[in-house]
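Top line first, the protein sequences correspond to chains V and W. Heads up, the first sequence is in my numbering, so the first residue is 1 and it goes up one at a time. Heads up, the second sequence is in my numbering, so the first residue is 1001 and it goes up one at a time.
FYI, nobody ran anything at the bench for these hints, they're computed from the structure. Just to be clear, a hint being listed does not mean it is correct.
Computed spacing ranges between beta-carbons, pair by pair [stated by the list, open to error]:
no.	chain 1	residue 1	chain 2	residue 2	range
1	W	Asp-1099	V	Gln-299	24 to 34 Å
2	W	Lys-1297	V	Lys-114	14 to 24 Å
3	V	Asp-50	W	Gln-1058	57 to 67 Å
4	V	Asp-345	W	Glu-1369	52 to 62 Å
5	W	Ala-1023	V	Ser-181	26 to 36 Å
6	V	Gln-221	W	Arg-1007	54 to 64 Å
7	W	Asp-1099	V	Lys-297	52 to 62 Å
8	W	Lys-1114	V	Ser-181	27 to 37 Å
9	V	Glu-367	W	Asp-1222	56 to 66 Å
10	W	Glu-1095	V	Asn-300	24 to 34 Å
11	V	Glu-366	W	Gln-1138	51 to 61 Å
12	V	Pro-127	W	Asp-1050	54 to 64 Å
Below, simulated DSS-like cross-link-like pairs (lysine-lysine); rule was C-alpha separation at most 27 Å, straight line [claimed, not checked]:
no.	chain 1	residue 1	chain 2	residue 2
13	V	Lys-215	V	Lys-329
14	W	Lys-1297	V	Lys-88
15	V	Lys-329	W	Lys-1019
16	V	Lys-285	W	Lys-1019
17	V	Lys-271	W	Lys-1088
Don't be surprised by glycine CBs; every beta carbon is placed ideally from N, CA and C.
Spelled out, the chains give:
Protein chains: 2
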Amino acid sequence: MKILIQRDQLMNSIQNVMKAISAKPTIPILSGMKIEATSEGVRLTGSNSDITIESFIQKEEDGMVYIQELVPGKVVLQAKFLPDIIRKLPESEVEIESDDQYNVVIRSGHAEFKLNGQDPEEYPQLPILETDNSFELQTDLLKTLIRQTNFAVSTSETRPILTGVHFKLEEDYLELVATDSHRLATRKIKTDGDTNGISFSNIVIPGKSLSELNKIIEDTQDPIHISVSDNQILFKTKNIHFLSRLLDGNYPETSRLIPDQSKTEVKVNSKELMQSIDRASLLAKDNRNNIVKLVTKAQNQLEITSNSPEVGTVEETLVTDSIEGEELKISFNAKYMIDALRAIDSDQVSIHFTGAMRPFIIRPEEETEHILQLVTPVRTY
Amino acid sequence: MKILIQRDQLMNSIQNVMKAISAKPTIPILSGMKIEATSEGVRLTGSNSDITIESFIQKEEDGMVYIQELVPGKVVLQAKFLPDIIRKLPESEVEIESDDQYNVVIRSGHAEFKLNGQDPEEYPQLPILETDNSFELQTDLLKTLIRQTNFAVSTSETRPILTGVHFKLEEDYLELVATDSHRLATRKIKTDGDTNGISFSNIVIPGKSLSELNKIIEDTQDPIHISVSDNQILFKTKNIHFLSRLLDGNYPETSRLIPDQSKTEVKVNSKELMQSIDRASLLAKDNRNNIVKLVTKAQNQLEITSNSPEVGTVEETLVTDSIEGEELKISFNAKYMIDALRAIDSDQVSIHFTGAMRPFIIRPEEETEHILQLVTPVRTY
């Protein structure tokens, strides 16, 4: 194998693929990165027990030449040092060459690295996901959907199924749900008939996989293709293949958790509410429970307070757009509320309470998008 | 006490003073910040066993009004939460008020923090350094002197005196020396007669104090006043007093460590050498010893190599400006060499070797400043 390649392109691909490479993998060769040169370009592969990432650098793309020289072949290289080596090379072009013994030379300017490679035949054959269950979305929309839900997955392995985001595709609606049983985030979109008539109802993707995916895919309007099998999901853009395992088990029915009526409704500026809660939680953090209290007052005002016996108290008064319904005193985890408000992305939100002991929901005031955040209160009164 | 003060000014002062406040101080009240309002302005004080920092916010400065309202008084406030509280306040003005019971209220817009203060009389009386041993420097020059030497202090407490930087003022020359016994950094300047005829020869300032000082003082040409007593040193700018303890003991005589002749002299571009060594050290780091080898070659070339048996080898060829004297093979710690080159701040450096087993020295090629870096080689040949 021999390639003469643009350093910046190579660097970008390496950084993407590194996200799938673990320092201490179950199979030793998976601490390496597979480099494969074909007549079309160079493919880098990294894999761990959860995800596999392939990044493809085309020889030429949009009239730009990224690979000047290309002799097909393949090799596996220890991944740990690669990002630093490539980043610090003196010139903008890199030559990578390997011989029959998998001795690899990386050259750039007067710098020469000789690295011990490994036999690519020892690299596990990765599952090829072939399925008709395939549809596409705009890449930036998928990024938003993940950002609006993925933060709410459980970080505890007590109920492993809750560490993933539930994807449901039915009648041209795609719905994502995540919950750690204290709060819930859900977003639903119409898929505009791009789903080829397919549907699925029990796809649960590990939250960690989605976090890595969101770091790699770009904020573009280009389509991302999504294919689903029984135990895997593949996200495909022009240059990246991202394969994740799915979580086993049935995702709980969450729709019954969402109250269908409310007793108190508050309309308020999202950013002002977020900042007030953030300040109130400054002292609450000292207790490690991070609880703030919210009380409705006359003249459309909210009082937000918290206290830490040793340090002191915080009191915020916030003027809302409107408060309708019953008076309310409620306590909740400040972080859950801030996460929810941040995910909603709306200047004005409406919050629907059903008493101090029942979960409450937060939606954009102008509901043009089907997004809903639910937070369970904490009993303090 | 009552003050109405600009948030940004207050924030800046708090951040400076926080650098002297430890989370777990020996005396509990030192986890607090002392706030003192006088008719001239507000003084904040923080202190730990090594340093004391006072920051003063004048009521008015250069025609700007920083404090709109001022009722004298003082109080001690738990420091841990202060930076976050002040940073996140909604308005650009902050009101701070305390009563006889040291209950403190911080108000800004609709936010109100009630904090439990402490009696300022319980705050230790800080030593007032009055001495005639005082001189001044340009602040930015002091910053440079510290940056060029302080990195070389020892981090081990085996010989505590080596954890500090030795300051020597004699005949209008100020000299700083730091060494961890593997490398040495020294810089000497002429003080242009601003030293009031004073001299000292055994002032050793803890490296950690100098690191904190360098974060606080600004890169200006304004003077910084330096006063020295037997066991303390005070750095004074317009708004900051920075007091540090001195280290006990005699600093070793270091001048005899510096070779006065050389057998091989290399003149080379500093940045190119630094980058070559940095690349060569990428694999060397795997051994945890970080050793690179340097070999002089024909045609004014240097070969820089390192190897890690498991990973591979790196080889760099560097064209120098000149190599004079004996041929040389030498090994050294890459980090020491990179630190030294970075401190020198010169495009071209000259390196003076006295054989593979003797310390070598690095100087700017155009010696307009008295700076010298010394590195002890490692025995590998």
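Against the structure, the hints:
| no. | hint | in the structure |
| --- | --- | --- |
| 1 | W:Asp-1099 to V:Gln-299: 24 to 34 Å | 29 Å, holds |
| 2 | W:Lys-1297 to V:Lys-114: 14 to 24 Å | 18 Å, holds |
| 3 | V:Asp-50 to W:Gln-1058: 57 to 67 Å | 58 Å, holds |
| 4 | V:Asp-345 to W:Glu-1369: 52 to 62 Å | 55 Å, holds |
| 5 | W:Ala-1023 to V:Ser-181: 26 to 36 Å | 34 Å, holds |
| 6 | V:Gln-221 to W:Arg-1007: 54 to 64 Å | 41 Å, violated |
| 7 | W:Asp-1099 to V:Lys-297: 52 to 62 Å | 26 Å, violated |
| 8 | W:Lys-1114 to V:Ser-181: 27 to 37 Å | 35 Å, holds |
| 9 | V:Glu-367 to W:Asp-1222: 56 to 66 Å | 58 Å, holds |
| 10 | W:Glu-1095 to V:Asn-300: 24 to 34 Å | 25 Å, holds |
| 11 | V:Glu-366 to W:Gln-1138: 51 to 61 Å | 58 Å, holds |
| 12 | V:Pro-127 to W:Asp-1050: 54 to 64 Å | 59 Å, holds |
| 13 | V:Lys-215 to V:Lys-329 | 40 Å, violated |
| 14 | W:Lys-1297 to V:Lys-88 | 24 Å, holds |
| 15 | V:Lys-329 to W:Lys-1019 | 40 Å, violated |
| 16 | V:Lys-285 to W:Lys-1019 | 22 Å, holds |
| 17 | V:Lys-271 to W:Lys-1088 | 13 Å, holds |
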